[in-house]
Amino acid sequence: MAQANAQARHRPGSCQETGVCPIVAFPEVVNIDEIRDEAPEVKTFYLSFLDPELAAQFTLKSGQFIMCTVFGAGEFAVSLPPSPENDRFHITVRAVGKVTHALHALRPGDKLGVRGPFGNGFPFDEIKGRNIIYVAGGIGLIPLRSSIVHALQHREEFGRIILLYGARSARDLLYQEDIVEWKKNEGFETFITIDRPEAGWSGHVGFVNKLIEAAGVPVDNTVAFVCGPPVMFNSVIDELLRRGMSEHDIVSTLERQMKCGIGKCQHCSIGRTLVCTDGPVYTYHQIKTLGEVI
Amino acid sequence: MSIYLVSSEEIKALALDLQKTHEVYGPQLKPPGGQVFFDLLAAGEVPDLDAAIPSMPVKEILFPQMERILKYRYDPEAQQVEIEKQYAEKPKVLFGLRPCDLNGILCLDRFFLGQEFVDDVYLVHRRQSILISNTCSAPWDQCLCVCTHSGPAAEEGFDLDLTRLDDGYLVQVGSAKGQAIADAQGWQPAGEEHLAAKKAVIERSIASFPELAKDNKAWISRAMNRMTTGFIKHEIWEYIGNQCLECGACAFVCPTCSCFNIEDAQQCGGDCERLRTRDSCSFEGYARMAGDHNPRKPVEDRRNKRFFCKLSYSQSKKYLRPGCVGCGRCQWVCPGDIGLPNVVQYIRRETSA
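Protein chains in written order, with the working numbering: chain A, 16 to 309; chain B, 698 to 1050.
A hint or two may mislead.
To be verified - Some chain B residues judged to face chain A by a derived CB distance under 7 Å, without partners named:
(1) N958
(2) I959
(3) F980
(4) A984
To be clear, the hints were calculated from the coordinates, so they are not data collected in a lab.
Virtual Cβ for every residue (Gly too), placed ideally from N, Cα, C.
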């Protein structure tokens, strides 16, 4: 199969330019090494390629996604939470539909298929020297994790790094061990909120847009990465714009139904763009001008 | 570009010759006296070059409605999996393409082979295929290729192009592949007078186009302008959306529609297959995600999307031309009367008001 994929073509130059040559046509087999419960209905699957050559070659950019095959169920698009540097290859998935439920029924040692990585990814080199605000709602933290870890691996190259994170309840908070680790970095500020008060919770309560005020987020020389459900997304954007943030400095990653991942099936089209090849990362300015509602 | 004058008998001989090495597809009446289909010719059969426009576009041959692309055997007990690629290369000849259908294939080529990624499945179908087009001397009631610059004669993209003249067929060579075929057949060269005769055929053909097509000529570009800039009232889309029955027929008969779905057959036990099936943006589930979030729920948003795809400049960049090739099939099949020509009419009515 590795050989067949080597023959699968992309436009000359395109994959050399980015340095990331994705697995295009056929899924490559990965082993599930370990499964961790993150939160109710959410699990993290640690994966490794069976083909050692591929394991060595496989590189990703933060913000990219893969097409993951659950054998016997189907294929789904999923964002990549690992950092591009020195991180275990894993995916974090909530059981929502047919395929993700089948995925949750698997056990360590089972196999999955992987194509990708696809998509443009979050800006990184372009935003060096600036403050970064991460605003995540619920499982919106999953795609942002990659960028957070990557930024912390280059901590000295950025200004303030602030994470604003909201979930339905305390047990829905993802990556709690990671967050403890991240907090050890100097100048990494974390604000966490849950929707409703509950016993044993002494932190913030309310929606994540309220944290923007509480954190006193900077606006100048700052870029905001926002990811979450549409309602949360809109309220956060409104608040950031109200505080004077530029539409070009608000970055998000969009989710759409995807079948091919390579810009052919068209299921992920929004206006004139395809989320799989033009996205999934867009600035708010771009999102506004796509010509269709989000 | 070489030109030849070839008799009907020689054309038949060519079709039979090609059958020895290729799967030859061509127009034929099915059953005799019935509808025209562009289908695989049985051994010894020749294409009916006088047949009307086929009822289905030829994309069926290069981009089938349903196709198995992958097979895998999964053993959950042993936790083992074997994956096997399923599509294979077969040299094909598409013999007697109408220029609208030829242009449809060129659109699919540019989209599937010319963007960031190359579509491997389509490439395998297309790589060894030979395209033989046939100048259209008798447009049908709903034809509008004169408006979309895709007929009645082919201008590019063919390997061989045929035009029926009084004394045989004028054959024009369009590629090295076509030239190799011509050389092997040993045809008589044609002259300037035959090119002039072809011109007369084209002019007669254009003159016989229905009123709608002549009427629409300038308005396709006006509609494109409106689509691109978004200056179309929402009420127009609502009206069009209300007419839509969401049957998806327009997409299935459109030579340039290329959306597809990928599904793994369910309840497959250990032996599973992955199918690629054509899809239509008019279906409600088209953009719906797991968890039921559907960014394109109202039917008018989905209709808007289809015509945006066919007519806007930004989409046209993918095809290097408008996404409509003027075959008129959507107009035939649409039970709600919102085929592309009618939508152009609605936009026209609004903008002239």
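Hint check:
Hint on B:N958 holds. Least Cβ distance to chain A is approximately 6 Å, under the 7 Å limit. Evaluation of the B:I959 hint against chain A yields a held restraint, the C-beta minimum of about 4 Å falling below 7 Å. The closest approach between the C-beta of B:F980 and any C-beta of chain A is roughly 11 Å, which is over the 7 Å cut-off, so the hint fails. The beta carbon of B:A984 comes within 6 Å of a beta carbon in chain A, closer than 7 Å, and the hint placing it at the interface holds.
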